[in-house]
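**Student:** Here are the chains, one letter per residue:
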Amino acid sequence: MKRLMSGNAAVGEAAILSGCTCYFGYPITPQNELTEYMAKRMPESGGIFIQAESEIAAINMVLGASVAGARAMTSSSSPGISLKQEGISYLAADELPAVIVNMVRGGPGMGNISPAQSDYMQATRGGGHGDYKTIVLAPSSVQELADIVPVAFDLADMYRNPVIILGDGMLGQMMEPVEFEHIKKTKDYPKDYILTGAENRPSRMVRSLLFDTKEEEEHNWKLFRKFQRIENNEIRYETYLVEDAELVVIAYGIAARIAKGAIKRLRQESIKAGLLRPITLWPFPYKQIRELAKTINDFFVFEMSTGQMVEDVKLSLEGRGHISFYGRPGGVIPTPIEIARIISRHYYKSQKVRKS
Amino acid sequence: MKKIYTRPNALKDTHFHYCPGCGHGIINRIIAEVIDELGLRGKAICVAPAGCGMLIYNYLDIDTLESAHGRGAAVATGIKRVLPENLIFSYQGDGDLAAIGTAEGFHAANRGELITVIFVNNGVYGMTGGQMAPTTLKEQITTTTPSGRNPVNAGYPVKVCEVFSVLDGTSYLERVAVSSPANIKKTKKAIIKAFQHQLNRTGFSLVEILSPCPTNWKMSPLEAFKWIDEVMTKQFPLGVIKEVK
Amino acid sequence: MLIKTIFSGFGGQGVLSMGYTLANTAMHEGKYVTYLPSYGVEVRGGTANCTVVISDEEIASPVASEPEFVVAMNQLSFVRFQSILQSGGLLLVNSSLVNTSSARGDIEIISVPTSELAEKLGQIKVANMVMLGAFIKATSIVSFDFLIDHLAEILGEGKSKLIQLNKDALETGYNFIKE
Numbered sequence: 622m623k624r625l626m627s628g629n630a631a632v633g634e635a636a637i638l639s640g641c642t643c644y645f646g647y648p649i650t651p652q653n654e655l656t657e658y659m660a661k662r663m664p665e666s667g668g669i670f671i672q673a674e675s676e677i678a679a680i681n682m683v684l685g686a687s688v689a690g691a692r693a694m695t696s697s698s699s700p701g702i703s704l705k706q707e708g709i710s711y712l713a714a715d716e717l718p719a720v721i722v723n724m725v726r727g728g729p730g731m732g733n734i735s736p737a738q739s740d741y742m743q744a745t746r747g748g749g750h751g752d753y754k755t756i757v758l759a760p761s762s763v764q765e766l767a768d769i770v771p772v773a774f775d776l777a778d779m780y781r782n783p784v785i786i787l788g789d790g791m792l793g794q795m796m797e798p799v800e801f802e803h804i805k806k807t808k809d810y811p812k813d814y815i816l817t818g819a820e821n822r823p824s825r826m827v828r829s830l831l832f833d834t835k836e837e838e839e840h841n842w843k844l845f846r847k848f849q850r851i852e853n854n855e856i857r858y859e860t861y862l863v864e865d866a867e868l869v870v871i872a873y874g875i876a877a878r879i880a881k882g883a884i885k886r887l888r889q890e891s892i893k894a895g896l897l898r899p900i901t902l903w904p905f906p907y908k909q910i911r912e913l914a915k916t917i918n919d920f921f922v923f924e925m926s927t928g929q930m931v932e933d934v935k936l937s938l939e940g941r942g943h944i945s946f947y948g949r950p951g952g953v954i955p956t957p958i959e960i961a962r963i964i965s966r967h968y969y970k971s972q973k974v975r976k977s
Numbered sequence: 486m487k488k489i490y491t492r493p494n495a496l497k498d499t500h501f502h503y504c505p506g507c508g509h510g511i512i513n514r515i516i517a518e519v520i521d522e523l524g525l526r527g528k529a530i531c532v533a534p535a536g537c538g539m540l541i542y543n544y545l546d547i548d549t550l551e552s553a554h555g556r557g558a559a560v561a562t563g564i565k566r567v568l569p570e571n572l573i574f575s576y577q578g579d580g581d582l583a584a585i586g587t588a589e590g591f592h593a594a595n596r597g598e599l600i601t602v603i604f605v606n607n608g609v610y611g612m613t614g615g616q617m618a619p620t621t622l623k624e625q626i627t628t629t630t631p632s633g634r635n636p637v638n639a640g641y642p643v644k645v646c647e648v649f650s651v652l653d654g655t656s657y658l659e660r661v662a663v664s665s666p667a668n669i670k671k672t673k674k675a676i677i678k679a680f681q682h683q684l685n686r687t688g689f690s691l692v693e694i695l696s697p698c699p700t701n702w703k704m705s706p707l708e709a710f711k712w713i714d715e716v717m718t719k720q721f722p723l724g725v726i727k728e729v730k
Numbered sequence: 028m029l030i031k032t033i034f035s036g037f038g039g040q041g042v043l044s045m046g047y048t049l050a051n052t053a054m055h056e057g058k059y060v061t062y063l064p065s066y067g068v069e070v071r072g073g074t075a076n077c078t079v080v081i082s083d084e085e086i087a088s089p090v091a092s093e094p095e096f097v098v099a100m101n102q103l104s105f106v107r108f109q110s111i112l113q114s115g116g117l118l119l120v121n122s123s124l125v126n127t128s129s130a131r132g133d134i135e136i137i138s139v140p141t142s143e144l145a146e147k148l149g150q151i152k153v154a155n156m157v158m159l160g161a162f163i164k165a166t167s168i169v170s171f172d173f174l175i176d177h178l179a180e181i182l183g184e185g186k187s188k189l190i191q192l193n194k195d196a197l198e199t200g201y202n203f204i205k206e
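Chains as they are written, first to last, in my numbering: chain A, 622 to 977; chain B, 486 to 730; chain C, 28 to 206.
Pulled out of the complex, with its shape left as it was, chain A reads as follows (with noise of 0.2 Å):
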């Protein structure tokens, strides 16, 4: 049965069902709802529910928690997800499991509270000090956002790799019907890295600090393999309208949604554009969009934001086709109308200069 839910509180009940059995938050808006639907639900389920001092001691008990064995996660926004970025660099230095939700708000600083896409670097480059990744995946409905927290724990268990579900405002307060039927733990991650007492079996060490730089170098190259595998296997997007496209849309999340009733009205208008929405950001799909530019030679970003994923798909197309970038940063949300507008007299333009 569909329920109308918010983002928000979607997440919460996927991540149960998940398996979740730790949720450590600290109050921040956009994604309060989340913080109060945890301290409701995991009791109820069994689990463990604490709000702490601050973000930087949730993600230290998500830490403890994913150490001794539990599928744990936090949740914050903008601000609160810098904080964390202290114990995300451990979660991966040490490869523990960990999923964090961040409902991204206008930025830097205290910004305001208003959906935004700002994070887009902070999430896809790591974040924290050090040579590492986290797998970012970025949902685009509540649908989608409660579909992706089984799979982030997977992910997250798959690899020993903190995993970021990106949303943001929007996502996390519209309310979209939602089913849950389908959501479950699957499968049971072999733990043999975990601390539980070293009951007749030789005791365990899990840390970062590696004085040698012979084997923080080894364990680096060992990280890096890791997020080869990564990106081999795990890369997810979905494309719209691109068979026949002469316009290619590059949009994630909610951008994407709005780019989506954008297109709509620029097909009314016979203008044939399509769109790619990559839902891994890390690892992003380089070569997808490269392969697009075999027949396709513009290339419309659109991003909440003043233009950071733009440069992956720069990255993406090394130099082929043309690239042009449309940017709505500080928690404004644009019109699919205003898109259109902006795309067609863009698509206008540069057939202008093909035939010329």
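Since the hints were made in silico from the structure, they are not lab data. It cannot be assumed that every hint is accurate.
In silico lysine to aspartate or glutamate, DMTMM-like type, Cα no more than 20 Å apart, as pairs [what the hints assert, rightly or not]:
#, chain 1, residue 1, chain 2, residue 2
1, A, 970, A, 959
2, C, 58, A, 800
3, A, 623, C, 176
4, A, 915, A, 865
5, A, 885, C, 84
6, B, 528, A, 820
7, A, 908, A, 855
8, B, 670, B, 522
Given the coordinates of chain A, assemble chains B and C onto it according to the supplied hints.
**Tutor:** Chains B and C alone, transformed into the frame defined by chain A:
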């Protein structure tokens, strides 16, 4: 012949690499003895800090996690909530617990988390080279208080046990020292007591241990022991600060 | 079919619950819906609005460029949202609080004195449900009978004691609009 002294099972068969006269080696051994005597080797999990104390994981033969600087109490909280039957203790220095990790320690104590903090107070940041710690005494010279700690600029030495004692979540707080054989015995008793408070689910427990750092104090080991007894204990009086029966 | 509606007014007027009730009704009828609240630091007294999109097919954007319908419960919302209403669009106004004269000649305006109608029911708080009843009659966007039949389910937990009052309010608004 009767064996009267041996390496505890919870201690690895290796040499300590701490500086001559350092208190960490003594404290590590005491913890290992207590774990043996209480039969907790299969249940104990140690959260090691950043700083000299982190080397504890090279010596204790139990499950150990190294936490980020100051976050020991939060990490220990996460572990304990998942494994309520285990014995979880964090091993933290003065910079770790009383400066960067104040919030984590304070709130774990306030929640009455069933964990034990072994708080090693040597009044300096040891591993980074002897800078001022929150517990550095007034007028004490360190590399960042070259003319002595002046409270006008640098504040006062923090009394962790006394601060924590007003929190309803704490059940056992004692300050001890490893400055003499008698004090070492008392330290061991205090750790046993603190672990029992955790196992009996009474509340948060913490043992503050005044510990020598001859290298950074620029003293001989003997002078350092004497300095603890004669100077340090004036600011940090020894004894049980709080015990909930 | 793809219909976008903006509900707007003061915080505390039940604007968000109007939108939620409509969205939940449409979902129970098997339609695609999105409900996008504006959110802010204000809880009461500030402005509040939400966008509800109802469609027979998957909804691309939850953000409405040019809504078909606007419900304005206060003056500020009336001024702000009439300008983005589609040409030929419908504007339902809480005439108890709003001066409904408009410079736009290409939209239809329906005045509903919600406060007076709600006061007759003895509870000013249900002015929003009076308006929703009128809105459904004027737009036929969802089935009114379906809403009334499934009211307890649609309003959800916590409102079980107020079912009859909400029903009366919805019917008052619905009957206020003549065919």
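**Student:** Evaluate each hint against the coordinates.
**Tutor:** Each hint tested on the structure:
no.: 1; hint: 970/A x 959/A; in the structure: 17 Å, holds
no.: 2; hint: 58/C x 800/A; in the structure: 14 Å, holds
no.: 3; hint: 623/A x 176/C; in the structure: 18 Å, holds
no.: 4; hint: 915/A x 865/A; in the structure: 13 Å, holds
no.: 5; hint: 885/A x 84/C; in the structure: 13 Å, holds
no.: 6; hint: 528/B x 820/A; in the structure: 7 Å, holds
no.: 7; hint: 908/A x 855/A; in the structure: 13 Å, holds
no.: 8; hint: 670/B x 522/B; in the structure: 14 Å, holds
Violated hints are absent here; each numbered hint is respected by the structure.
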